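**Student:** What follows is the residue order along each chain.
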Amino acid sequence: MDFIFIAQQSFSAALGVNTIIFALAAIGLNMHFGYTGLLNFGQAGFLAVGAYSVATLVVSFNFPLWAALLAGILNSVILALLLGLPTLRLRADYLAIVTIAAAEIIRQIARSATFNKYLGGSDGITGKFGKDFFALNPFKSGLNTPFLRYNGNDLWVVVTGWALVIVVLFVMWLLVRSPWGRVLKSIREDEEAVRSLGKNVYLYKMQSLIIGGIVGSFAGFVYALSRQSVQPDNYGTALTFFAYTVLILGGAARVFAPIAGSIIFWFLLVFIEQMLRQAVSAGYIPEWLIGVNQVGQIRFMLVGLGLMMLMIFRPQGIFGDRKELALDARA
Amino acid sequence: MGKAQLMRKIALGLAGFFLISSFSISGSALAAGTSSILAGEIKDSTSTPLPGVRIKLTGPNGFATQLTSDQMGKWQVKVTSTGIYDVTLDQTSLPSGQALTDVTKATRKINVLMLGTTLTVLFPIGPGTEKTPILDQSAQLLADGLILGIIIALAALGLNLVFGTTGLTNFAHGELLTLGGLLTYFFSAVAGLPVFAAIPVAVALSALIGGYLQDRLLWKPLRKRGTGLIAMLVVSIGFAIFVRYVFLFIFSGDTRQLPQFAGQAGLEIGLVSITPKSIMSTSVGLLLLIGATLWLLRSKMGKASRAVADNPALAAASGIEVEAVIRSVWILGAFLAGFAGIMVTLNQGVSFLMGQDMLLLIFAAVTLGGLGTAYGALVGSLVIGVLIQLSTLIIPTELKYVGALLILIIILLVRPQGILGRKERVG
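Taken in order, these protein sequences are the chains called A and B. FYI, this note's numbering numbers position 215 of the first sequence as 316, with every residue one higher than the one before it. FYI, this note's numbering numbers position 143 of the second sequence as 807, with every residue one higher than the one before it.
Note that these hints are calculated values from the structure, not bench results. You may find that some hints are simply not true.
Calculated pairs, SDA-like style, for lysine to any residue (alpha carbon to alpha carbon, straight line, at most 25 angstroms) [unchecked claim]:
1) B/K769 - A/Q209
2) A/K424 - B/K888
3) B/K941 - B/A861
4) A/K218 - B/I1059
5) B/K941 - B/A803
6) A/K300 - A/P187
7) B/K769 - B/R718
8) A/K218 - B/N775
9) A/K218 - B/Q755
10) A/K424 - B/P885
11) B/K1064 - B/G1013
12) B/K720 - A/T215
13) B/K769 - B/D734
14) A/K229 - B/N775
15) B/K1064 - A/A339
16) A/K218 - A/N176
17) B/K1064 - A/D224
18) B/K1064 - A/P187
19) A/K218 - B/I774
20) B/K964 - B/V1043
21) A/K218 - B/L764
22) A/K218 - B/K769
23) A/K218 - B/T781
24) A/K424 - B/G892
25) B/K888 - A/D422
26) A/K218 - B/P1060
27) A/K424 - A/Y303
28) B/K888 - A/M410
29) B/K967 - B/I954
30) A/K229 - B/I748
31) B/K888 - A/E290
32) B/K769 - B/G726
33) A/K218 - B/T782
34) B/K738 - B/P923
35) A/K229 - A/L166
36) B/K884 - A/L403
37) B/K888 - B/E985
Quantities reported herein were computed from a predicted structural model and do not represent experimental measurements.
The task is simple: from the sequences and hints, build the whole structure.
**Tutor:** Laid out in structure tokens, this is it:
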């Protein structure tokens, strides 16, 4: 078994593009779920809106990239308003069902043949819509060390992505420490109490939904730009649930949790996959038990099992504080 | 949901989460050759292959040919020069009731850039609006909608009963449908039982594994621990992901058809055409629903379950054994959901994603009828089922679920407690 390769793959993934995408998605969810107690199961919808805004506007409407990014942010705000208007007055479990439905609506519209002309149907959009972004890339040659390995474009995405994550995280940190952030936390703890103090709970929840949604659309930008393509089925409910796993792994209602969660999540995922893959091809695991192309499935089983175990035995995650969790209320 | 669509979903879903490193492989084209293949698969909206559909091709250098789709709805043509080809689907050769969803797209221009490639040409086909009179079409859709409604109702009843008695919003409920379908597939196709015998075995095992054991080994201990409801909701998501990929691991990603009754000609009854297997399974489903409703209304346990749903503490104080009620509700729910899964399997086969695809419809039905109210689930399911099918009169078939989900959101705007839900604060 090639342990150097396994280590290289695992560490590269731990700091890689997917880690950035899920960290951003989870930062958004942390705003919704961790701080405000909103059970938003439609985060994939925000990512889809971000990703499709960039791809569609640049490819089909010839927008410059920066304008498409701005439009993407605007679209995610619109989505948050549309989503929040009917749902924010609802109980947590209703909110969960409606947001998951909304995200699914977005995915099905994106993959439909009806809007094929602009959204590319089930194949999505592939094109050079990120060429303005990659034109700025100073690292054409990429990086190749025993522990980290990226090609030129990926390295550029990784560097800019982490810069984005740090900026977003800093803003989040400022926000949740502010009086505004304290109101959010008290809404999570006891909505009625906050209402009785004369705060407009609905408005605060809406602001939280919008901000978390914008961060979600950032994740969508990274997703689309890094792959130079968008595919509707990447933005299914699984994406949202994985983002939740990342958030809960790190510890909800902790500013740094999404990053820690995402790094650990992707490290483990890739590490386990590579170990299994090599063990299978080296014959340590018999072929009849696990085929090489079944390794990916084991990975997903472990994610599901991990999410269950976390929630049962350590709902506060690795860094969280059990007292700061909106999990014990009768929904 | 169609087989091809499912396969694509699986492929994309997995590909989406693959490493960046493996990403470079995806672009690999075939090596340049001396000919290219234009191919396609002609299927209706339910993924039933349509044989005998005529395809005409014209291309550069006076290239022209005509062919018909085979038994699997497939066709392919070898071309030997690059250039733009016109691929035309002869709309008159489509079976009655089927038409292109976009009639302006009967001709597709395909640009063969280099040889050695295979290009797929797809024509989205759905229930036609041109060929069938609107009355016949509505009647057929109404019948399909009622069948779908009964399937959803069977699944929704259990979800709602569990929610009512324990407060658990169970995101793993869809997997109970998959379990029922896969067990039936296993006992009929693998173990060799006739389908009629496999179904009762599968339903009984669904109730045992999906109902009794699931509650006993997972949810009961969690209730004992005092796990919060939101935490349990997240646990159910993890459980759903886990179970789904266990199914994928064991049964692979194919859509499995039962060895008997896979293809069946429809019986013409009045204005509608229904397959015998649909009539049989829907009748049994309806009987099960009536039975479950009577159980809730008349039996001691049924009454107790409604009491627990209403007020668990008071029910316990008045001598009702709450755990026993919850156990029977789980068993009943899994039993009904298992049969719902079998109904889906009979009609369109079973894959590991079946439950996931049905889950949102079940949620929509339950929310529409009123979360936690047993009869609400029935009404909501029938409304959702019929609306989904009838909506295809106006909107493209592929967007019919979007319509259903939109209705869900709109209902929540105007009547958050659902059709039969009691008026109470839900926000």
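**Student:** So, for every hint listed, does it hold in this structure?
**Tutor:** Each hint, compared with the structure:
This hinted pair checks out: B/K769 and A/Q209 have alpha carbons roughly 21 angstroms apart, not beyond 25 angstroms. With a CA separation close to 20 angstroms, the supplied pair A/K424 and B/K888 stays within the 25 angstroms bound. Proximity of B/K941 to B/A861 is assessed by CA-CA distance (about 15 angstroms); at most 25 angstroms being required, the pair is judged to hold. Between A/K218 and B/I1059 the alpha-carbon distance is near 17 angstroms, which keeps this suggested pair within the 25 angstroms criterion.
With a C-alpha separation of about 19 angstroms, the suggested pair B/K941 and B/A803 falls inside the 25 angstroms cut-off, and the hint holds. Pair hint A/K300 plus A/P187 holds up; C-alpha atoms about 20 angstroms apart against a cutoff of 25 angstroms. With a C-alpha separation of about 15 angstroms, the suggested pair B/K769 and B/R718 falls inside the 25 angstroms cut-off, and the hint holds. A C-alpha spacing of about 17 angstroms is found between A/K218 and B/N775, which places the hinted pair at or below 25 angstroms, so the restraint holds.
Of the pairs offered as hints, the one joining A/K218 and B/Q755 holds, with about 22 angstroms between alpha carbons and a cut-off of 25 angstroms not exceeded. Distance hint between A/K424 and B/P885 is fulfilled; the C-alpha atoms sit about 22 angstroms from each other, no more than 25 angstroms. Taken as a hint, the B/K1064 and B/G1013 pair is honoured in the structure, with Cα atoms around 20 angstroms apart against an allowance of 25 angstroms. Annotation: proposed proximity of B/K720 to A/T215 holds, straight-line Cα distance about 24 angstroms (limit 25 angstroms).
At roughly 22 angstroms between alpha-carbon atoms, B/K769 and B/D734 fall within 25 angstroms of each other, so this suggested pair holds. Of the supplied pair hints, the one linking A/K229 and B/N775 holds, its CA atoms being roughly 19 angstroms apart against a limit of 25 angstroms. Our distance criterion of 25 angstroms between C-alpha atoms is met by B/K1064 and A/A339, whose separation comes to about 22 angstroms. The hinted pair formed by A/K218 and A/N176 meets the criterion: a straight-line CA distance of about 19 angstroms does not exceed 25 angstroms.
About 20 angstroms separates the Cα atoms of B/K1064 and A/D224, which keeps this hinted pair within 25 angstroms; it holds. Straight-line distance between C-alpha atoms of B/K1064 and A/P187 comes to about 21 angstroms, which keeps the hinted pair within the 25 angstroms bound. Note on A/K218 and B/I774: the hinted pairing holds, with a Cα-Cα distance of about 15 angstroms set against a maximum of 25 angstroms. Under the criterion of a C-alpha separation no larger than 25 angstroms, the hint pairing B/K964 with B/V1043 is consistent with the structure, at around 24 angstroms.
Simply put, A/K218 and B/L764 have alpha-carbon atoms about 16 angstroms apart, close enough for the 25 angstroms limit, and the pair holds. Distance check on the hinted pair: A/K218 and B/K769 sit about 12 angstroms apart at the alpha-carbon level, within 25 angstroms; holds. Simply put, A/K218 and B/T781 have alpha-carbon atoms about 23 angstroms apart, close enough for the 25 angstroms limit, and the pair holds. The straight-line distance between the Cα atoms of A/K424 and B/G892 is roughly 13 angstroms, inside the 25 angstroms bound, and the hint therefore holds.
Of the pairs offered as hints, the one joining B/K888 and A/D422 holds, with about 22 angstroms between alpha carbons and a cut-off of 25 angstroms not exceeded. This hinted pair checks out: A/K218 and B/P1060 have alpha carbons roughly 15 angstroms apart, not beyond 25 angstroms. With a C-alpha separation of about 24 angstroms, the suggested pair A/K424 and A/Y303 falls inside the 25 angstroms cut-off, and the hint holds. Of the pairs offered as hints, the one joining B/K888 and A/M410 holds, with about 16 angstroms between alpha carbons and a cut-off of 25 angstroms not exceeded.
Annotation: proposed proximity of B/K967 to B/I954 holds, straight-line Cα distance about 16 angstroms (limit 25 angstroms). Straight-line distance between C-alpha atoms of A/K229 and B/I748 comes to about 23 angstroms, which keeps the hinted pair within the 25 angstroms bound. Taken as a hint, the B/K888 and A/E290 pair is honoured in the structure, with Cα atoms around 24 angstroms apart against an allowance of 25 angstroms. Restraint check for B/K769 and B/G726: the C-alpha separation of about 22 angstroms stays at or below 25 angstroms, so the hint holds.
A distance of roughly 22 angstroms separates the Cα atoms of A/K218 and B/T782; the hinted pair therefore holds under the 25 angstroms criterion. Under the criterion of a C-alpha separation no larger than 25 angstroms, the hint pairing B/K738 with B/P923 is consistent with the structure, at around 22 angstroms. Between the alpha carbons of A/K229 and A/L166 the distance comes to roughly 11 angstroms, so the proposed pair stays at or under 25 angstroms and holds. Using a Cα cut-off of 25 angstroms, the hinted pair B/K884 and A/L403 holds, with the two alpha carbons roughly 22 angstroms apart.
Restraint check for B/K888 and B/E985: the C-alpha separation of about 15 angstroms stays at or below 25 angstroms, so the hint holds.
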